[in-house]
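Student: As they're listed, the protein sequences go chains A and B. Under the numbering used here, the first residue of the first sequence is numbered 1, with each subsequent residue one higher. Under the numbering used here, the first residue of the second sequence is numbered 447, with each subsequent residue one higher.
If you're looking for bench data, these hints aren't it; they were derived computationally from the structure. The model shown is predicted, which means the values in this text are computed figures rather than measured ones. Hints are supplied without guarantee of correctness; some may be wrong.
Stated by the list, open to error - Label-pair restraints from in silico Cβ distances:
{"no.": "1", "chain 1": "B", "residue 1": "S467", "chain 2": "A", "residue 2": "E141", "range": "42 to 52 Å"}
{"no.": "2", "chain 1": "B", "residue 1": "K520", "chain 2": "A", "residue 2": "Q53", "range": "37 to 47 Å"}
{"no.": "3", "chain 1": "A", "residue 1": "K215", "chain 2": "B", "residue 2": "N500", "range": "17 to 27 Å"}
{"no.": "4", "chain 1": "A", "residue 1": "A319", "chain 2": "B", "residue 2": "R464", "range": "37 to 47 Å"}
{"no.": "5", "chain 1": "B", "residue 1": "K585", "chain 2": "A", "residue 2": "P87", "range": "37 to 47 Å"}
{"no.": "6", "chain 1": "A", "residue 1": "K215", "chain 2": "B", "residue 2": "G538", "range": "40 to 50 Å"}
{"no.": "7", "chain 1": "A", "residue 1": "A156", "chain 2": "B", "residue 2": "D490", "range": "40 to 50 Å"}
{"no.": "8", "chain 1": "A", "residue 1": "G235", "chain 2": "B", "residue 2": "K520", "range": "56 to 66 Å"}
{"no.": "9", "chain 1": "B", "residue 1": "L598", "chain 2": "A", "residue 2": "K285", "range": "19 to 29 Å"}
{"no.": "10", "chain 1": "B", "residue 1": "A544", "chain 2": "A", "residue 2": "Q53", "range": "54 to 64 Å"}
{"no.": "11", "chain 1": "A", "residue 1": "F206", "chain 2": "B", "residue 2": "N519", "range": "31 to 41 Å"}
{"no.": "12", "chain 1": "B", "residue 1": "K468", "chain 2": "A", "residue 2": "A148", "range": "25 to 35 Å"}
{"no.": "13", "chain 1": "B", "residue 1": "A544", "chain 2": "A", "residue 2": "G366", "range": "24 to 34 Å"}
Unchecked claim - Derived pair list, reagent style BS3-like, types lysine-lysine, alpha-carbon separation capped at 27 Å:
{"no.": "14", "chain 1": "B", "residue 1": "K553", "chain 2": "B", "residue 2": "K523"}
{"no.": "15", "chain 1": "A", "residue 1": "K214", "chain 2": "B", "residue 2": "K463"}
{"no.": "16", "chain 1": "B", "residue 1": "K585", "chain 2": "B", "residue 2": "K603"}
{"no.": "17", "chain 1": "A", "residue 1": "K129", "chain 2": "B", "residue 2": "K457"}
{"no.": "18", "chain 1": "A", "residue 1": "K201", "chain 2": "A", "residue 2": "K83"}
{"no.": "19", "chain 1": "A", "residue 1": "K417", "chain 2": "A", "residue 2": "K434"}
{"no.": "20", "chain 1": "A", "residue 1": "K161", "chain 2": "B", "residue 2": "K463"}
{"no.": "21", "chain 1": "B", "residue 1": "K463", "chain 2": "A", "residue 2": "K130"}
{"no.": "22", "chain 1": "B", "residue 1": "K463", "chain 2": "A", "residue 2": "K129"}
No residue lacks a Cβ here, since even glycine has one placed at the ideal position from N, Cα and C.
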Amino acid sequence: MQTLDLTEETKYLTKETKYLSEFYHLPEFKGLAGYKNKGGYQDLEKALKMPPQAIIDEVKASGLRGRGGAGFSTGMKWGFLPKNNEPRYLLCNADEGEPGTFKDRMMMEKAPHQLIEGMIISAFAINSKKSYIYVRGEYDESIDALEAALQEAYKAGYLGKNILGSGFDHDMDVYRGAGAYICGEETGMISSLEGLKGQPKLKPPFPAIQGYLKKPTIVNNVETLAVVKYIIRDGAAHYRTLGTEKSAGTKLFSLSGNIAKPGNYEVPLGYALKDMIYGMGGGFKNNKQLKAVIPGGSSAPVLNAAESMKATLDYENLAQMGSMLGSGAIIVIDDSQCMVQCLANLMHFYHHESCGQCTPCREGTGWLDKISHSILSGHGRRQDIELLLKVADNMKGKTICALSDAAALPVISFVTKFRDEFEYFVNEGKSKVKGTAFKGAPHASH
Amino acid sequence: MFQLSNEAKQKIQFELKRYESKQSAVLPALYIGQKENKGHISPDVIKELSKVMNIPEAQINEVFTFYTMYNKNKIGKYHIQVCRTLSCMLNGAEELTAHLCKELDVKLNEVTADGRFTVSEVECLGSCGTAPMMQIGNKYYENLNPEAAMNLLRGMK
Numbered sequence: 001m002q003t004l005d006l007t008e009e010t011k012y013l014t015k016e017t018k019y020l021s022e023f024y025h026l027p028e029f030k031g032l033a034g035y036k037n038k039g040g041y042q043d044l045e046k047a048l049k050m051p052p053q054a055i056i057d058e059v060k061a062s063g064l065r066g067r068g069g070a071g072f073s074t075g076m077k078w079g080f081l082p083k084n085n086e087p088r089y090l091l092c093n094a095d096e097g098e099p100g101t102f103k104d105r106m107m108m109e110k111a112p113h114q115l116i117e118g119m120i121i122s123a124f125a126i127n128s129k130k131s132y133i134y135v136r137g138e139y140d141e142s143i144d145a146l147e148a149a150l151q152e153a154y155k156a157g158y159l160g161k162n163i164l165g166s167g168f169d170h171d172m173d174v175y176r177g178a179g180a181y182i183c184g185e186e187t188g189m190i191s192s193l194e195g196l197k198g199q200p201k202l203k204p205p206f207p208a209i210q211g212y213l214k215k216p217t218i219v220n221n222v223e224t225l226a227v228v229k230y231i232i233r234d235g236a237a238h239y240r241t242l243g244t245e246k247s248a249g250t251k252l253f254s255l256s257g258n259i260a261k262p263g264n265y266e267v268p269l270g271y272a273l274k275d276m277i278y279g280m281g282g283g284f285k286n287n288k289q290l291k292a293v294i295p296g297g298s299s300a301p302v303l304n305a306a307e308s309m310k311a312t313l314d315y316e317n318l319a320q321m322g323s324m325l326g327s328g329a330i331i332v333i334d335d336s337q338c339m340v341q342c343l344a345n346l347m348h349f350y351h352h353e354s355c356g357q358c359t360p361c362r363e364g365t366g367w368l369d370k371i372s373h374s375i376l377s378g379h380g381r382r383q384d385i386e387l388l389l390k391v392a393d394n395m396k397g398k399t400i401c402a403l404s405d406a407a408a409l410p411v412i413s414f415v416t417k418f419r420d421e422f423e424y425f426v427n428e429g430k431s432k433v434k435g436t437a438f439k440g441a442p443h444a445s446h
Numbered sequence: 447m448f449q450l451s452n453e454a455k456q457k458i459q460f461e462l463k464r465y466e467s468k469q470s471a472v473l474p475a476l477y478i479g480q481k482e483n484k485g486h487i488s489p490d491v492i493k494e495l496s497k498v499m500n501i502p503e504a505q506i507n508e509v510f511t512f513y514t515m516y517n518k519n520k521i522g523k524y525h526i527q528v529c530r531t532l533s534c535m536l537n538g539a540e541e542l543t544a545h546l547c548k549e550l551d552v553k554l555n556e557v558t559a560d561g562r563f564t565v566s567e568v569e570c571l572g573s574c575g576t577a578p579m580m581q582i583g584n585k586y587y588e589n590l591n592p593e594a595a596m597n598l599l600r601g602m603k
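Same shape as in the complex, but just chain B:
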């Protein structure tokens, strides 16, 4: 059964008081829960958040499923999100994604056998002038080509 750490609970308590309405803490709390659960949100996480926040599970669940940055499934240690929208597509995003999946021997949205990588395609990340690009964790990697991107990944342990 998933349980939030005391530190996470304290952070959630802070968020509950931070905004004009308590419900506004749901988005930040989901981030906290996701981080504690190694990058994805399982039904257990929703249950625990509901208990800690005293907000019904359904009200948290509908928010969780609406937004793309909350992961529904397990992800690798490094979550590679390649932007697929028009400006990136015009600059070779499809080739970039295909190359990463081939080299890492993994299908989209699945985890590599060693648990290190997940490759996903995402919609416009607002980095169109430096296309193609990808986001790994919170960080942007821009002006890529397939080989340069693979070299970056090789350096990630």
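Isolated chain A (complex conformation):
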């Protein structure tokens, strides 16, 4: 494993800690033979000899938190399952759709067996005989990689009946989504897997009690499940030495937007955001300057430049700064960009993706989309700025799932932190940064 070092020229950290991604550069790591050469499936052998409860305890002790966005303790989530022999399902959430996020896709394409091994260990721990990997429909290459790997795993006896002579049976299959951001919400995903519209379900009951086909179900993100393998390999104590006290481990961050070297980077939690931007990200092209960063996928409140220079990439610090770590998608915005245009782009996204079952979200996202585009077209009124905030305020915490909040929070942070740009736009009818207005209403119909 690599350690951090400080590059003299840049004064920013540039080294990754490749824990999960150590062998992603090897094309052969994708196939079973190459994967086994690097220790693949040895941790499954080890896990199958452990009492299942010991695996759950180890995962709990590791401090691992869900890597898909919510950051909930994985061990605790597993602990909610009923303590009986009722059949239960494990679902892998590979419906990666949070704008800015592209880490799960890389994991599935480069290391499908890593995910599968992590899933079999997890399934053994929670005594599940059947699991599904729900992959977003557009990820054709991921689905091909997983299906090929599943075939290899079955053939080698890692899946099916009596795995490696342990007496544990487990079947795994891939399910293809069909284009809906909301299916990344765990109960929306369950609805979709049931062959229905991907609409989230009211909680409680939580999926651990009543999920897929009304049976106890655990839904975990791709990265989360892959980590389980390494917690078994190295132990919880080692895992806790990576990252911070409350945010244990490494995390894959997807870096995109206006940045010289975009890509996925694995670093320990607690890493400085400025090192991510100016270190591995290589800073800005064409002498542009940092203006804003969305640190955890488009649903995370935006940070201004000063906040970005202070922030560290862990659950606690970003929460303290009023934002969140989310899925680890860092979208960098430079000073040539118009924040009104950025917000309008995101509002179109949330309006398009609202599933429509809760009124505050269905109507609220529509209003936010229309008002922000009205400002963008140069036809905004002064009261529209307050109207945006008022609509957003009426959407928070009032719906079945978090999509409504995910649309409202960016509005509040964009308008509050970059109010001068919004005011200039409604007063002058054009962008403060770009000097023009833009085409108004979004083109595609819903």
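Following the hints, position chain B against chain A.
Tutor: Positioned in the frame of chain A, the structure of chain B alone reads:
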């Protein structure tokens, strides 16, 4: 009247038994129906799927209309889907879309006169680090600029 081929029917029968519940086969069956109907789903396709699967039309229809990857209208031989969401926008997605529509002389979501191309804008495709990008059929084309994208299309017959 649209009819599924025997091969497609067999595939649907496999999907009906593949999952714990029969209803779970609706999403895969819609893909099969769409492929057989040259890339979009018409009311005829829903009728035929309903008959083959023995699931009410309404139950298939509500699923069909919910998801974006099932096309409601005819599309060209090559369906170009340009990602429009933030990271792609910051890297010139709007210019890319505008250039393709202009060069192909087609409006968004319509089919070119020769039937070859449809250009659509779609939400985040999870390719933000290689923006701007587009998907044609099942394949991703990344790190594009308007001219490079047009050159790719010129090579598609």
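Student: Please go over all the hints and tell whether each is borne out by the structure.
Tutor: Hints, verified against the model:
| no. | hint | result |
| --- | --- | --- |
| 1 | S467/B with E141/A: 42 to 52 Å | violated, 28 Å |
| 2 | K520/B with Q53/A: 37 to 47 Å | violated, 56 Å |
| 3 | K215/A with N500/B: 17 to 27 Å | holds, 24 Å |
| 4 | A319/A with R464/B: 37 to 47 Å | holds, 42 Å |
| 5 | K585/B with P87/A: 37 to 47 Å | holds, 38 Å |
| 6 | K215/A with G538/B: 40 to 50 Å | holds, 47 Å |
| 7 | A156/A with D490/B: 40 to 50 Å | holds, 45 Å |
| 8 | G235/A with K520/B: 56 to 66 Å | holds, 58 Å |
| 9 | L598/B with K285/A: 19 to 29 Å | holds, 24 Å |
| 10 | A544/B with Q53/A: 54 to 64 Å | holds, 59 Å |
| 11 | F206/A with N519/B: 31 to 41 Å | holds, 40 Å |
| 12 | K468/B with A148/A: 25 to 35 Å | holds, 27 Å |
| 13 | A544/B with G366/A: 24 to 34 Å | holds, 25 Å |
| 14 | K553/B with K523/B | holds, 16 Å |
| 15 | K214/A with K463/B | holds, 19 Å |
| 16 | K585/B with K603/B | holds, 16 Å |
| 17 | K129/A with K457/B | holds, 25 Å |
| 18 | K201/A with K83/A | holds, 23 Å |
| 19 | K417/A with K434/A | holds, 18 Å |
| 20 | K161/A with K463/B | holds, 19 Å |
| 21 | K463/B with K130/A | holds, 15 Å |
| 22 | K463/B with K129/A | holds, 17 Å |
In summary, the numbered hints that this structure violates are 1, 2.
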